[in-house]
Amino acid sequence: GNSVTQMEGPVTLSEEAFLTINCTYTATGYPSLFWYVQYPGEGLQLLLKATKADDKGSNKGFEATYRKETTSFHLEKGSVQVSDSAVYFCALLFSGGYNKLIFGAGTRLAVHP
Amino acid sequence: EAGVAQSPRYKIIEKRQSVAFWCNPISGHATLYWYQQILGQGPKLLIQFQNNGVVDDSQLPKDRFSAERLKGVDSTLKIQPAKLEDSAVYLCASSSLVDSGTEAFFGQGTRLTVV
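As given, the protein sequences belong to chains A and B, one line each in that order. Position 31 of the first sequence, counting from 1, maps to 31 under my numbering, and the rest follow consecutively. Position 86 of the second sequence, counting from 1, maps to 86 under my numbering, and the rest follow consecutively.
Read the hints as simulated data drawn from the structure, not as lab findings. Heads up, the beta-carbon is just placed ideally off N, CA and C, and yes, glycines get one too. Any given hint could be a false lead.
In silico DSS-like links for lysine-lysine, alpha-carbon gap of 25 Å or less [stated by the list, open to error]:
(1) Lys100(A) - Lys62(B)
(2) Lys100(A) - Lys78(B)
(3) Lys71(B) - Lys100(A)
(4) Lys15(B) - Lys100(A)
Residues on chain A that point at chain B, a partial pick, calculated with CB under 8 Å [claimed, not checked]:
(5) Tyr39
(6) Gly43
(7) Thr51
(8) Val82
(9) Ser85
(10) Phe89
(11) Tyr98
(12) Lys100
(13) Leu101
(14) Phe103
(15) Gly104
(16) Ala105
(17) Gly106
(18) Val111
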């Protein structure tokens, strides 16, 4: 079946460190891939997306590349800030007559000054 | 553009009581999702509507959970009777049907505590 697997957290980094959060997926067909972010006390919001193989999504300094050969969509940022502390969710949207959106378990990121 | 509205924001009930959550999606969005997010876990899809029809309710505990979307707009999710393990945040999301890359927009959620 279709599923998303994320690296377990929490991830704890110092400000300006490099961030990678791993995400791999299992899917039939050609899904779209998303990263959503949940800041403390707020709802889920879209961070970036990619809709086909080799697409790179980017936003707020974050990037992720849709790798079909490795079924991965790893999230990266070159220099994290304290304000990036949040929970990050990798998600997959696949069409089987309707668009079904499923999420990974989430990875909590804590950035310290 | 107004976002997805959910109410109430918080609800505390005793086990075996009933509870209902309301969601008003973004105007014109055909797809509406209800998710359950247990603390420390990712959102789990409970039910998905396309307009006013159910397209996926495979993970909805139908012995106690029910949902409807009248006239293809607002939706309500009900739990009757509630169990302790239903304590979670219930998220509503909506999206248009433009293409397969269309994002879903989420409400703030309703935090349910069953005691």
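Hint-by-hint comparison with the structure:
Restraint check: the Cα-Cα separation between lysine 100(A) and lysine 62(B) comes to about 19 Å, which is no more than 25 Å; the hinted pair holds. Proximity of lysine 100(A) to lysine 78(B) is assessed by CA-CA distance (about 22 Å); at most 25 Å being required, the pair is judged to hold. Proximity of lysine 71(B) to lysine 100(A) is assessed by CA-CA distance (about 21 Å); at most 25 Å being required, the pair is judged to hold. Between lysine 15(B) and lysine 100(A) the CA atoms are separated by roughly 31 Å; this puts the pair beyond 25 Å, and the hint is violated.
For tyrosine 39(A), the interface hint is violated, since its Cβ never comes within 8 Å of a Cβ in chain B; the closest pair sits about 12 Å apart. Of the supplied interface hints, the one on glycine 43(A) holds, with its beta-carbon coming within about 5 Å of a beta-carbon of chain B, less than 8 Å. Annotation: threonine 51(A) was flagged as interfacial toward chain B, and the flag holds, the nearest CB pair being 4 Å apart, inside 8 Å. For valine 82(A), the shortest C-beta to C-beta distance to chain B is roughly 22 Å, which exceeds 8 Å, and the interface hint is violated.
This hint is violated: serine 85(A) has a C-beta 16 Å from the nearest C-beta of chain B, more than the 8 Å allowed. A cut of 8 Å between beta carbons decides the hint on phenylalanine 89(A): the least distance to chain B is about 6 Å, and the hint holds. The beta carbon of tyrosine 98(A) comes within 4 Å of a beta carbon in chain B, closer than 8 Å, and the hint placing it at the interface holds. Checking lysine 100(A) against chain B: minimum C-beta separation of about 6 Å stays under 8 Å; hint holds.
Contact between leucine 101(A) and chain B, as hinted, is supported at the beta carbon level, the nearest pair being about 5 Å apart and thus within 8 Å. About 4 Å separates the beta-carbon of phenylalanine 103(A) from the nearest beta-carbon of chain B, less than 8 Å, and the hint is met. The beta carbon of glycine 104(A) is positioned within 8 Å of a beta carbon in chain B (closest approach about 5 Å), and the interface hint is therefore held. For the restraint placing alanine 105(A) at the interface with chain B, the shortest Cβ-Cβ distance is roughly 4 Å, inside the 8 Å limit, so the hint holds.
A least Cβ separation of about 5 Å between glycine 106(A) and chain B falls short of the 8 Å threshold, and the interface hint therefore holds. Because the beta carbon of valine 111(A) sits about 19 Å from the nearest beta carbon in chain B, more than 8 Å, this interface hint is broken.
Against the hints set out earlier in the document, violations occur for numbers 4, 5, 8, 9, 18.
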